[in-house]
Amino acid sequence: MTDHEDNLLDVAPGEPHNNLVSEVAAYVIGLGLALILTGISFWVASTGALWAPGIATGLVVLAIAQMGVHLVFFLHITSGPDNTNNVLALAFGVLIVFLVMIGTIWIMAHMNANMGPSPEMMNLQMQRG
Amino acid sequence: MTTEAATIGFTHRGSEDTGLGHRGPESKSIVVPYGFWLFVLSDMIIFSALFASYATLVHATDGGPTTNQLFHRNLVAVETMALLISSFVCGLAMISAKRVNMVWTQAWLVATGAFGLVFLGIELYEFSAMIAEGAGPQRSAFLSAFFTLVGCHGAHVTAGLLWLGTMMAQIWAKGFQPHIIRRLLCFSIFWHALDIIWVAIFTIVYLIGTLS
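Residue numbers (the numbering used here), protein chains in the order written: chain V, 1 to 129; chain U, 1 to 212.
Extracted from the complex, chain V is given alone in its bound form:
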């Protein structure tokens, strides 16, 4: 097996392909999609035409979509067999990120709702004052 074939077997994250046109095209497509998604995000946030309670969720979905665009077109993370290691590492990273964020927000919101000062405590504070 030659070195060249070796290089085709595994691709490092961030490494572009082998043809000038397709390499540049990947970045241009990525930039275009990122611009469109960013534009939609700012429009969604400022327009009054959408159902207000759903806007925050919509913005998060748009952000996740844009992160996907960056991963695919800028960092060249693909579903091909040469990218398995990078994808698995990314999947584990995403798992931990979601556990930390959703776990924290969930638990802290419940503690905030359920662990406020009890009526007796409030009463004691009043007496002291």
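In short, the hints are calculated from the structure, not lab data.
Note that this is a predicted model, so its numbers are computed, not measured.
Every residue gets a Cβ at the ideal spot worked out from N, C-alpha and C, and that includes glycine.
Be careful, since some hints might not be right.
Below, a sample of chain V positions facing chain U; criterion: calculated Cβ distance under 7 angstroms [said to hold, decoys possible]:
no., residue
1, N19
2, Y27
3, G32
4, A34
5, A63
6, Q66
7, F74
8, T78
9, I105
If you anchor each label on the Cβ, the simulated ranges turn out as follows [unchecked claim]:
no., chain 1, residue 1, chain 2, residue 2, range
10, V, I102, U, T166, 34 to 44 angstroms
11, U, Q177, V, A65, 33 to 43 angstroms
12, U, H179, V, W51, 50 to 60 angstroms
Given chain V's structure and the hints, the job is docking chain U onto it.
For chain U alone, kept in the frame of chain V given last:
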């Protein structure tokens, strides 16, 4: 017979044969960026903790200024554009570096750094304006979390710009040697990752924070 045995890994002919259909560890050009990719992912886990604390503390304003009063969308839009274009241009620099083109590589890297500086300049302007009007990190738990999260990203961008300058000097002085190219590849991974984190920041902190 000997060949067959070697294929299934019974002999040590070709001492790097692991019997797994591949000869030994990957080349450095694969292993180094992969290791750096793991670092970047763990960096994102750090940011997830900062995002979680920000989301928990965002309403703890202690009677001080709130997100709606502090953030300006137009400024953030310019910042976002600067960082996105910087990331794109960094990709063009990588394409030029792969073709061993000194002039274009350096030109695109200068552009990468210039757009990065625009981003950093706007961020520092925003921070100093907030601190000047009494909305510094010591004002409330919300502002502490804000400055920690966004400031940590800004610190990463600053470190990235220093790294960028170092890489430009190394390419200039040492040429496109394999280990220099590996460092440049790691830098581009770092730079693209910072843009991904910024997408989360402008959405969660600035856009959701200024919904009426």
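Status of each hint after checking the structure:
1. A distance limit of 7 angstroms between C-beta atoms decides the matter here; for V:N19 the minimum to chain U is near 10 angstroms, and the interface restraint is violated.
2. The beta carbon of V:Y27 is positioned within 7 angstroms of a beta carbon in chain U (closest approach about 4 angstroms), and the interface hint is therefore held.
3. Among the interface hints, the one on V:G32 is violated; its C-beta lies about 10 angstroms from the nearest C-beta in chain U, farther than the 7 angstroms criterion.
4. Proximity of V:A34 to chain U holds as hinted, the smallest CB-CB distance being about 6 angstroms (cut-off 7 angstroms).
5. Below 7 angstroms, beta-carbon pairs count as interface contacts, and V:A63 has one with chain U at about 4 angstroms; its hint therefore holds.
6. This hint holds: V:Q66 has a C-beta 5 angstroms from the nearest C-beta of chain U, less than the 7 angstroms allowed.
7. The interface hint given for V:F74 holds, since its Cβ lies 4 angstroms from the closest Cβ of chain U, which is under the 7 angstroms cut-off.
8. Among the interface hints, the one on V:T78 is violated; its C-beta lies about 14 angstroms from the nearest C-beta in chain U, farther than the 7 angstroms criterion.
9. Using the Cβ-Cβ criterion of 7 angstroms, the hint placing V:I105 at the interface with chain U is satisfied: the shortest such distance is roughly 5 angstroms.
10. For the pair V:I102 and U:T166, the beta carbons lie near 38 angstroms from each other, so the given range of 34 to 44 angstroms is met.
11. U:Q177 and V:A65 have their C-beta atoms about 38 angstroms apart, which keeps the hinted 33 to 43 angstroms range intact.
12. The beta-carbon spacing between U:H179 and V:W51, approximately 54 angstroms, falls within the hinted interval of 50 to 60 angstroms.
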